[in-house]
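Here is how the chains run, residue by residue.
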Amino acid sequence: MAEYTIKVRRFQPESGEGPYWEQFNVDLDPSLSVLDGLLQAKDNEDGSLAVRCSCRAAICGSCGMKVNGQSTLGCKTQIGEAQEQADKMVGATGVSAAVADSPIRGEGADLGSAGNPIVIEPMGNMPVIKDLITDMESTHWTKIRRVTPWLLPHGEPPEREYIVDPESMIDITQSMACIQCGACVSSCLSMEADPGFIGPAALAKAYRFVGDPRDAETQERLHDLAEDPHGIYDCTHCFSCIDACPKGVAPMDQIMRLRRRAGEEGIEDPNSGHDHEIAFVKIIEKKGTLDESLLLQESFAPGVKGKLKPNRRAIREMIGSIPIAIRGIKTGKMRSLHKLIPGVHPKLPDQDDVKAIFKHAEEHNEEFNLYIKGEEGELAEEDVEKGIERSAEPAGQEADSGQ
Amino acid sequence: MASEKIKVAYWPGCVSRGFTPELHGSMALVAQKLGIELVELDRANCCGAGVIAEHNQELADTLNARTFALAQQTGLSMMNICSTCQGAQSECQQRLDADSAYRAHVNEALSGQGLSYEKGEEGGWTNKNFLWLLVEDYGLDRLKEQVVRPLSGLRVGPFYGCYIVRPKERLGYNHYPDRDIYLEKVIEALGGQIVEYDGARKCCGFPVITMSRETSLRQAGTHVGDAIDAGADCLVTPCPLCHLNLDMQQPEAAKVVNRDLGLAVLHLPQLVGLALGADPKELGMAKHIASTRWVEERLTSGVAA
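Chains A and B supply the protein sequences, listed in that same order.
Going by the numbering used here, the first sequence runs without a break in its numbering and finishes at 403.
Going by the numbering used here, the second sequence runs without a break in its numbering and finishes at 708.
Keep in mind the hints are simulated off the structure, nothing from the lab.
Watch out, some of these pointers could steer you wrong.
Taking lysine to any residue and the SDA-like style, the derived pairs with C-alpha atoms no more than 25 Å apart in a straight line are [unchecked claim]:
hint	chain 1	residue 1	chain 2	residue 2
1	A	Lys286	B	Leu518
2	A	Lys286	A	Lys347
3	A	Lys88	B	Arg604
4	A	Lys88	B	Trp697
5	A	Lys347	B	Asp445
6	A	Lys286	B	Ala472
7	A	Lys247	B	Glu572
8	B	Lys571	B	Pro553
9	A	Lys76	A	Leu49
10	B	Lys571	A	Gly61
11	A	Lys330	B	Trp697
12	A	Lys359	B	Ala507
13	B	Lys571	A	Asp171
14	A	Lys330	B	Glu700
15	A	Lys330	B	Ala431
16	B	Lys571	A	Lys42
17	A	Lys282	B	Arg446
18	B	Lys658	A	His364
19	A	Lys42	A	Arg9
20	A	Lys373	B	Lys547
21	A	Lys88	B	Glu539
Computed, partial: chain A to chain B, Cβ under 8 Å [as the list claims (entries may be wrong)]:
hint	residue
22	Gln78
23	Asp165
24	Glu167
25	His237
26	Phe239
27	Arg259
28	Thr331
29	Ala356
30	Ile357
31	Ala361
32	Glu366
Glycine included, each C-beta is placed from N, C-alpha and C at the ideal position.
Produce the entire structure from the sequences given, and follow the hints as far as they go.
Structure, rendered in structure tokens:
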């Protein structure tokens, strides 16, 4: 047993007052969870402390919360580890994760314990209903429904079940592992800047159907997600959802798969997402390193030197970037020609070698999914000696029933 | 350890030789002052910055395997100066290291060039950002000994860049759990004052600047604004792409968040260089968009005090 101070961000709308921090001292084994700590405080000190939970085993997805600023499940975070993290951050930065300037209540503040308080907050990017309970309807469930999260097969349904090759379902097992806890939504840095962003949970769910061989509206789904200004090209690639997800779904990786699939389908989106990707790839094929001026020009107005047919948005964006270029010229940042004029950037000395790599990769275009294949050496040595091959089963959770 | 000479295969990346030339220059200067020998990989290619992996994962893995193989040819571990290079390359390296059959398949594409990427043994060949190298290999005590102009009185906000802090399991946090507090450690070692603010480990917004400009600039503007409100004199970043959004785009970001900004953003080698006594001009600070004059004034008054 060990003593911990948990510092909880609380809010009761009926009180008419703003949110505040309350500290509780709890006493439990370090291997127990942050949720166990909260429930102890609720049992012993304040029965009104509101937290949503059910299975306590990272299956039901009810207890999404922020622990020391990190979005996670309360039941999957050991309180001993949370204490180490709190001590580390306070030691390095001099402040705890509780930067929000709210009053502190509660006896825990005076009692004190060995370490720094473990900071517990409701999930981010969602309205708070009470204490740690958030309203998941507005930013989670609405967005899940937004991506049409059910199968859209064409033709008469078969007499019995749809029969598919098991191999063809492996690709979507990772996105199927989602338990709808909302931790990724809570952590999403794009949604923080643009609340309209469809978001990591819903887009991972979208891939679950885009990748499903039984679905017949893949094209329509991809068009929809690529053309929406708050769709797949609004993800800022920050990896927050990957670290937040308790089930290894890696929502950002699923968003990148959606982009890849949209690209393969040749979908030209009005956000210049596809144009940006193609421009980047072509420049590296031609030059080996990045020509930033050419990337800007080609992202907005592809083929401008040849065909000259940039769209209206492209023209607006190009004009918008003129002040940036002028400032750059003034400070000397872009004074040399090869930085300023698209296409003048020098080639790598052995660019033919780089081109050969493009040729090889385009022929194969293999995707190596670690979630599915796992790492070599994860098998026990005796299995390797016996010649047991790694199975094609997913290394993570078992697949759900495809809901 | 203290007198051990460090020599690395150096991958400067694209942007340090493009839109942020001051990074490349300041790194060369600081390496010389610290006694770190850089063997530049001038034939290596772009890391793909996550964009090539989004297009064709095998292509990104092969391009980076080529860079790793070029580094391994020198017999040295590799150093980069860009969080995005670190993240994109670590991602490819993780896949290459996971499976010998996949590695052999990728190496097949390099065989015509006489190159091959070999998985390093535990503690063997590594690819580290300058920030990691500085703390883990050079050492903070040794760095402190080199400081001739402590950054006393300078209030510095760290800005990491997503690719160097997440995902934790890919970026070696199991071996080096403190990698997300190294900037604070370096600021402290140089005698500066740490400014903690909300955005230190958040996203600068750069990856969507061409696709979702408002989302992008709102991120940059919010973090710069938060740092100013927390009392920062400047930010420091180990990522030139973050620098583009936080510095070059700062006047545009100010319009989106509708407030005055004007906060200097330093590259990590520039901050180190200042403490080692280098002149702001030789560190290329005049090339920044957000003026660095205030930082220079703080430093001179700090020395006088």
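Here is what the structure says about each hint:
Distance restraint check for Lys286/A and Leu518/B: the Cα-Cα separation of roughly 21 Å lies within the 25 Å cut-off, and the hinted pair is therefore satisfied. Annotation: proposed proximity of Lys286/A to Lys347/A holds, straight-line Cα distance about 7 Å (limit 25 Å). Note on Lys88/A and Arg604/B: the hinted pairing holds, with a Cα-Cα distance of about 15 Å set against a maximum of 25 Å. As the CA atoms of Lys88/A and Trp697/B are separated by approximately 32 Å, the hinted pair breaks the 25 Å bound.
Simply put, Lys347/A and Asp445/B have alpha-carbon atoms about 11 Å apart, close enough for the 25 Å limit, and the pair holds. Only pairs whose Cα atoms come within 25 Å are accepted, and Lys286/A paired with Ala472/B is accepted, the gap being roughly 21 Å. With a C-alpha separation of about 14 Å, the suggested pairing of Lys247/A with Glu572/B holds against the 25 Å cut-off. With a C-alpha separation of about 32 Å, the suggested pair Lys571/B and Pro553/B falls outside the 25 Å cut-off, and the hint is violated.
Proximity of Lys76/A to Leu49/A is assessed by CA-CA distance (about 20 Å); at most 25 Å being required, the pair is judged to hold. Restraint check for Lys571/B and Gly61/A: the C-alpha separation of about 22 Å stays at or below 25 Å, so the hint holds. Between Lys330/A and Trp697/B, the direct Cα distance comes to roughly 19 Å. Compliance with the 25 Å bound is thereby established for this hinted pair. Among the hinted pairs, Lys359/A with Ala507/B is consistent with the structure: their alpha-carbon atoms are about 17 Å apart, no more than 25 Å.
In summary, the hint linking Lys571/B to Asp171/A is supported, as the alpha carbons are separated by about 24 Å, within the 25 Å threshold. Using a Cα cut-off of 25 Å, the hinted pair Lys330/A and Glu700/B holds, with the two alpha carbons roughly 22 Å apart. Straight-line distance between C-alpha atoms of Lys330/A and Ala431/B comes to about 24 Å, which keeps the hinted pair within the 25 Å bound. With a C-alpha separation of about 32 Å, the suggested pair Lys571/B and Lys42/A falls outside the 25 Å cut-off, and the hint is violated.
Distance hint between Lys282/A and Arg446/B is fulfilled; the C-alpha atoms sit about 18 Å from each other, no more than 25 Å. Straight-line distance between C-alpha atoms of Lys658/B and His364/A comes to about 46 Å, which puts the hinted pair past the 25 Å bound. Distance hint between Lys42/A and Arg9/A is fulfilled; the C-alpha atoms sit about 14 Å from each other, no more than 25 Å. At most 25 Å may separate the alpha-carbon atoms for a hinted pair to count; Lys373/A and Lys547/B exceed this at roughly 45 Å.
Our distance criterion of 25 Å between C-alpha atoms is met by Lys88/A and Glu539/B, whose separation comes to about 17 Å. The beta carbon of Gln78/A is not positioned within 8 Å of any beta carbon in chain B (closest approach about 15 Å), and the interface hint is therefore violated. Taken as an interface hint, Asp165/A does not check out: its beta carbon lies about 22 Å from the nearest beta carbon of chain B, beyond 8 Å. A hinted interface residue such as Glu167/A counts as satisfied when its beta carbon comes closer than 8 Å to some beta carbon of chain B; here the least separation is about 18 Å, so the hint is violated.
Annotation: interface hint on His237/A holds; nearest CB of chain B at approximately 4 Å, less than 8 Å. Residue-level restraint check for Phe239/A holds (minimum Cβ-Cβ distance to chain B is 4 Å; threshold 8 Å). With its C-beta approaching chain B no nearer than about 5 Å, Arg259/A sits inside the 8 Å limit, and its interface hint holds. Proximity of Thr331/A to chain B holds as hinted, the smallest CB-CB distance being about 5 Å (cut-off 8 Å).
Below 8 Å, beta-carbon pairs count as interface contacts, and Ala356/A has one with chain B at about 6 Å; its hint therefore holds. Proximity of Ile357/A to chain B holds as hinted, the smallest CB-CB distance being about 5 Å (cut-off 8 Å). Below 8 Å, beta-carbon pairs count as interface contacts, and Ala361/A has one with chain B at about 4 Å; its hint therefore holds. Because the beta carbon of Glu366/A sits about 4 Å from the nearest beta carbon in chain B, less than 8 Å, this interface hint is met.
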